[in-house]
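S.K.: Here is how the chains run, residue by residue.
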Amino acid sequence: MSDATEIRNMLVDAATRVFADHVDAKLLDAAKRDGWSADLWRIVSDAQLPLIGIAEEKGGSGGSLSDQAAVLRIAARYAAPIPLAETALAAWLLTEAGLPLIDGPLTIAPVRGETIQAKRDGASWRLTGRVSRVPFARACRRLVVLATATEGLLVATVDPAQCKITAGSNLAFESRDAVDLDNAPAENAALTTAVTPATLRLRGALARALQIAGALEAALELSVRYAGERVQFGRKIAEFQAIQHELARFAGETAAAVGASMSAAGVLERGGDAHLAVASAKIRCSRAAQEGSMIAHQVHGAIGFTDRYALHHATLRLWAWREEFGNEAMWAEALGRSMAAAGADGLWPALTGN
Amino acid sequence: MFQQVDFSALDLPPSARALQLEVRAFLRAEMAAGTFEVHLGHTEFNAALSKKIGARGWIGMTWPKRYGGQERSYLDRFVMTEEMLAVAAPCAAHWFGDRQTGPSLLRYGSETQRQRFLPAIARGEFAFALGMSEPNAGSDLAAVKTRAERVDGGWKINGQKVWTSWGHKADAFFVLCRTAPDSGNRHDGLSQLIVELKQPGVTVRPIYFMDGGHHFNEIFFDDVFVPDDMVVGDIGAGWRQITSELALERSGPERYMTTFPLFVELVRRLGKSPDARAAEMIGRLTAGIWSLRRMSLAIAMTLDPGPGAEFGTPKATVDLATEAALVKDLGTFYEREIIDAARLLSDVEPEHGAKNLFERFLAESIVAAPVSTLRGGTTQVLRGLIARKLLGRLK
Numbered sequence: 026m027s028d029a030t031e032i033r034n035m036l037v038d039a040a041t042r043v044f045a046d047h048v049d050a051k052l053l054d055a056a057k058r059d060g061w062s063a064d065l066w067r068i069v070s071d072a073q074l075p076l077i078g079i080a081e082e083k084g085g086s087g088g089s090l091s092d093q094a095a096v097l098r099i100a101a102r103y104a105a106p107i108p109l110a111e112t113a114l115a116a117w118l119l120t121e122a123g124l125p126l127i128d129g130p131l132t133i134a135p136v137r138g139e140t141i142q143a144k145r146d147g148a149s150w151r152l153t154g155r156v157s158r159v160p161f162a163r164a165c166r167r168l169v170v171l172a173t174a175t176e177g178l179l180v181a182t183v184d185p186a187q188c189k190i191t192a193g194s195n196l197a198f199e200s201r202d203a204v205d206l207d208n209a210p211a212e213n214a215a216l217t218t219a220v221t222p223a224t225l226r227l228r229g230a231l232a233r234a235l236q237i238a239g240a241l242e243a244a245l246e247l248s249v250r251y252a253g254e255r256v257q258f259g260r261k262i263a264e265f266q267a268i269q270h271e272l273a274r275f276a277g278e279t280a281a282a283v284g285a286s287m288s289a290a291g292v293l294e295r296g297g298d299a300h301l302a303v304a305s306a307k308i309r310c311s312r313a314a315q316e317g318s319m320i321a322h323q324v325h326g327a328i329g330f331t332d333r334y335a336l337h338h339a340t341l342r343l344w345a346w347r348e349e350f351g352n353e354a355m356w357a358e359a360l361g362r363s364m365a366a367a368g369a370d371g372l373w374p375a376l377t378g379n
Numbered sequence: 004m005f006q007q008v009d010f011s012a013l014d015l016p017p018s019a020r021a022l023q024l025e026v027r028a029f030l031r032a033e034m035a036a037g038t039f040e041v042h043l044g045h046t047e048f049n050a051a052l053s054k055k056i057g058a059r060g061w062i063g064m065t066w067p068k069r070y071g072g073q074e075r076s077y078l079d080r081f082v083m084t085e086e087m088l089a090v091a092a093p094c095a096a097h098w099f100g101d102r103q104t105g106p107s108l109l110r111y112g113s114e115t116q117r118q119r120f121l122p123a124i125a126r127g128e129f130a131f132a133l134g135m136s137e138p139n140a141g142s143d144l145a146a147v148k149t150r151a152e153r154v155d156g157g158w159k160i161n162g163q164k165v166w167t168s169w170g171h172k173a174d175a176f177f178v179l180c181r182t183a184p185d186s187g188n189r190h191d192g193l194s195q196l197i198v199e200l201k202q203p204g205v206t207v208r209p210i211y212f213m214d215g216g217h218h219f220n221e222i223f224f225d226d227v228f229v230p231d232d233m234v235v236g237d238i239g240a241g242w243r244q245i246t247s248e249l250a251l252e253r254s255g256p257e258r259y260m261t262t263f264p265l266f267v268e269l270v271r272r273l274g275k276s277p278d279a280r281a282a283e284m285i286g287r288l289t290a291g292i293w294s295l296r297r298m299s300l301a302i303a304m305t306l307d308p309g310p311g312a313e314f315g316t317p318k319a320t321v322d323l324a325t326e327a328a329l330v331k332d333l334g335t336f337y338e339r340e341i342i343d344a345a346r347l348l349s350d351v352e353p354e355h356g357a358k359n360l361f362e363r364f365l366a367e368s369i370v371a372a373p374v375s376t377l378r379g380g381t382t383q384v385l386r387g388l389i390a391r392k393l394l395g396r397l398k
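Protein sequences appear in the order of chains A and B.
When we follow my numbering, the leftmost residue of the first sequence carries the number 26, and every step to the right adds one.
When we follow my numbering, the leftmost residue of the second sequence carries the number 4, and every step to the right adds one.
Think of the hints as simulated: they come from the structure by calculation, not from any bench.
Treat the hints with caution; some may be incorrect.
[To be verified] From the structure, some residues in chain B lie toward chain A, with a derived Cβ separation under 7 Å:
| id | residue |
| --- | --- |
| 1 | PRO277 |
| 2 | ILE285 |
| 3 | THR289 |
| 4 | TRP293 |
| 5 | LEU329 |
| 6 | ARG346 |
| 7 | ILE389 |
[Said to hold, decoys possible] A partial selection of chain B residues facing chain A, derived with a Cβ cut-off under 7 Å:
| id | residue |
| --- | --- |
| 8 | SER11 |
| 9 | LEU13 |
| 10 | ARG20 |
| 11 | LEU24 |
| 12 | PHE39 |
| 13 | GLU40 |
| 14 | VAL270 |
| 15 | ARG271 |
| 16 | ALA279 |
| 17 | ALA282 |
| 18 | ALA290 |
| 19 | SER294 |
| 20 | LEU394 |
A quick note: this is a predicted structure, and the numbers were derived from the prediction, not measured.
A virtual CB, placed ideally from N, CA and C, is assigned to each residue, including glycine.
Please work from the sequences and hints to get the whole structure.
M.R.: If you want it as C-alpha cells, here you go:
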C-alpha cells in the first residue's frame, strides 16, 4: 500500500467518523427548515475537513484534489447539509487568483451562466449583477464571485450583508438563493487568467458528480438493508429474485457513479483531459441518479417516500444535484460536439488519452 | 463494491502508453495492407494475423518468459486487448489461449503441458477453443454429462459439447467433463481435459448463426482417448479450476467494446458538426465507454500481481468477482446503446453484408446483440451473483 493510499484511508476513516457521529435525523430535519446546518459546519470545520485539497502553504489543510473528492463523496453519503463543495470551489478560486484564503463557510457565484460586472472604484472594485440559485448564499460568511471587468476576469470576495439575498432552495431544501449585487463593494479582489466561468462550471460539475456518487451509496445501503428486513408474503423481500436483480442493477449504477466521479477527480489532478473526464462523470452520475433513485424507492415501497424515513434525504439530493452545474443533456451535447469536431478517427485516441 | 480500488489513482504507466501507440500503428499498417476485413459481433479467426501478433510478443504477454511470455503487466495486456477491439481486429486464433487456457495452464497445468502449449500459444501458432456448454448444461454448467472413463494410461471420453466458437479451426480445446458419477455434490467429480480436435472419434459440426455465419459448433466424442498427461490440474477439481479466475475474464474490454467500431463509423457519418440531438447522443455514448473503461481498468490494475510475483497469475488476495460481474452486466447493455443510437440517427434499413462499412457494422451488431448478454454468464446469472454478495453482508 502506498503512502498516498494510506493517508487517504486515514482521511476517509476520520471524515466518516465525523459525519456518522454528528449527522442524525434531527439535524437533517432542522436543516430542511434552515437550508443548512450551522452546527454541523462548526464540527466539520473544527475537524479541518473544508480545506482538504488546498495546499498548507496557501492556508489549506493539505492533501490532493482526490482527497477532497473522497471527503465530498463521504459528506454526501451522510447528506451533510453544509457548503463543503462550495467552500472548496471558493477556496480554489481564491488561491488560483492569488488571494488569501478566508474562513468559511464560503460559496461561489455565478453558477448559472449569469454575469456579474466589476468596476474599478479607486483602489478597490464594485460589483453589480443579479445571480440565481447561489448555493448557501444565506449561510456563507463570504461570497467568492467570478466577475467580468473591462480589464478581464476578476475574482472578488463579497460580504453577503452587502447584497440583497432572496431565499430559495433546491429539492432537498438546501439553500439556493438569489443574490442581487447593486454596486456592492469587493473586499478583496484580483484580476486573473487562471480561472474562467467554464473551469468553475467544470469543477462544480465534478463536485456534484462526486456528491451524487455518495448519495447513491447511501440509498443503496438503505435499500439493501430494508430488503433484508421487510417481510411480505411470508419472506424477506430480499429473497425474491425480482428484488435481487433490481438491487444488482442498483449496485452497478452506484459503482459506475463512484468509478466515473473519482476517476474524473484523478484526471483533473493529473492534468489530463478534464472536459472529457468531468463531462463523462456528470453524465454518468446523473443517469445513475435516475436509475438508482427509482430502484431505491421501488424496493422501499411507500415508507420510502415519507419524510419520516431516511431515504428521501438521499433521493431528494440526487434529483437536485443532477441538474446543478449542468444536467446530463447539456454536458452530453457539449461533449458530443467536441468529440465530433475531433473526427471519427480522433474518438479512440481521445478516449484513451488519460 | 470496488472498496479496494482508488479510481482517482488509475493511470496507465509509461510502458502501457508506449505499447498503445505501437499496437495502434501496427494495426493501422495491417489494415492499410488489407490483411483483414473487419466484422463485428464475432471476432474472426485469422491465423496469419495471430502469428504476426505473436511474433511481436503480444500474446501471453503477462506470462513468465520461460513459457514464451513477456512478464509484462496486466495493464499492458489491457491496452493490447482494447486496441484490437477498437478496430475489431480478428483475434479468435489466439484469444482463448491468451485469455483462458493459457492462464489456466499457468495455474493448474503440469510442467509438461506448460512447456508444450504456452510457447506455442504465445507465438500464435496453437489455437485453443473451449468445451464447456452442453445441450443440457448452459448457465447450469455443473450439469455437464460428457463422461471420461478411466482406461489404461488415460481417459476415454463420450458425449457432446455445444456452442464451441471456432472449434472447426482450433487445434485443441479444454473439455469440462464428468470423471466420477454425480454423488450428491454436483460440483465434485468434474475434471478438465485437453482434447486435440483433429483426431479420430472427434466430430465437429457447424451450428450456423442466424445470419448464416459459421462461428459456433457442436462437437461429439466417440470413445476419444486422452492420455493422463492431458488432464489439467487434479481429477475432480475441474469446477474449482474453472470458477477461480473469472474476474479478469469477465471484466475485460471485450465486454463493452464489441460494437465500438460502429460508434466510430456513426461519428464519421454524422460529420464534424452534428445537430443537437446527434451531439447529445455522441456525448452520452462517450460518457458510457469512458466510465466503463475506468471500471475495467480498475479491475486489471488491482489484480495485477506486480513485479516479483508469479507472472500471469492474478493477485490472490483480492476478490473482485462481483465487481467483474457488474462491469460485464453494464458493459453488455452499453453495447446495445451504441446500436440503438446508430439506428435512430442514421435511418438506414440494415442489410447483411452491405458494402458500406457503417451499414454492415450496423447489421452485424444488431444480429449479434443477443449473444453478449448470454455468453460468459447471462445477465440473470450475473445479477443473482451480485445480489448474493450485496445481501450476504446482512447475514
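S.K.: Under 7 Å, Cβ to Cβ, is where B/PRO277 needs to be relative to chain A, so tell me if that hint holds or is violated.
M.R.: It holds, given that the least Cβ distance between B/PRO277 and chain A is near 5 Å, below 7 Å.
S.K.: Should the hint that B/SER11 touches chain A count as held when the rule is a Cβ pair under 7 Å?
M.R.: holds, 3 Å
S.K.: With a cut-off of 7 Å on the beta carbons, see whether B/SER294 makes it to chain A.
M.R.: holds, 4 Å
S.K.: For the hint on B/GLU40, just tell me whether its beta-carbon gets within less than 7 Å of chain A.
M.R.: B/GLU40 check fails; min Cβ-Cβ to chain A is 19 Å, beyond 7 Å.
S.K.: Hint check: is the beta carbon of B/ALA282 less than 7 Å from a beta carbon of chain A?
M.R.: holds, 3 Å
S.K.: Quick one, is the B/ILE389 hint okay against chain A at 7 Å, beta carbons?
M.R.: Cβ of B/ILE389 sits 4 Å from chain A, so the hint holds.
S.K.: Would the hint on B/ALA290 stand, with a C-beta cut-off of 7 Å toward chain A?
M.R.: Since the shortest Cβ distance to chain A is 4 Å, the answer is holds.
S.K.: Can B/THR289 be said to touch chain A, with a Cβ gap under 7 Å?
M.R.: holds, 5 Å
S.K.: Go through the hint on B/ARG271 and say holds or violated, using the shortest Cβ distance to chain A against 7 Å.
M.R.: For B/ARG271, the interface hint holds, since the closest Cβ of chain A sits about 4 Å away, which is under 7 Å.
S.K.: For the hint on B/TRP293, just tell me whether its beta-carbon gets within less than 7 Å of chain A.
M.R.: holds, 4 Å
S.K.: Was the hint right that B/ARG20 lines chain A, CB cutoff 7 Å?
M.R.: violated, 9 Å
S.K.: When the nearest CB of chain A is found for B/LEU24, is that gap smaller than 7 Å?
M.R.: Violated, about 9 Å.
The structure is inconsistent with the numbered hints 6, 10, 11, 12 and 13, although it conforms to all the rest.
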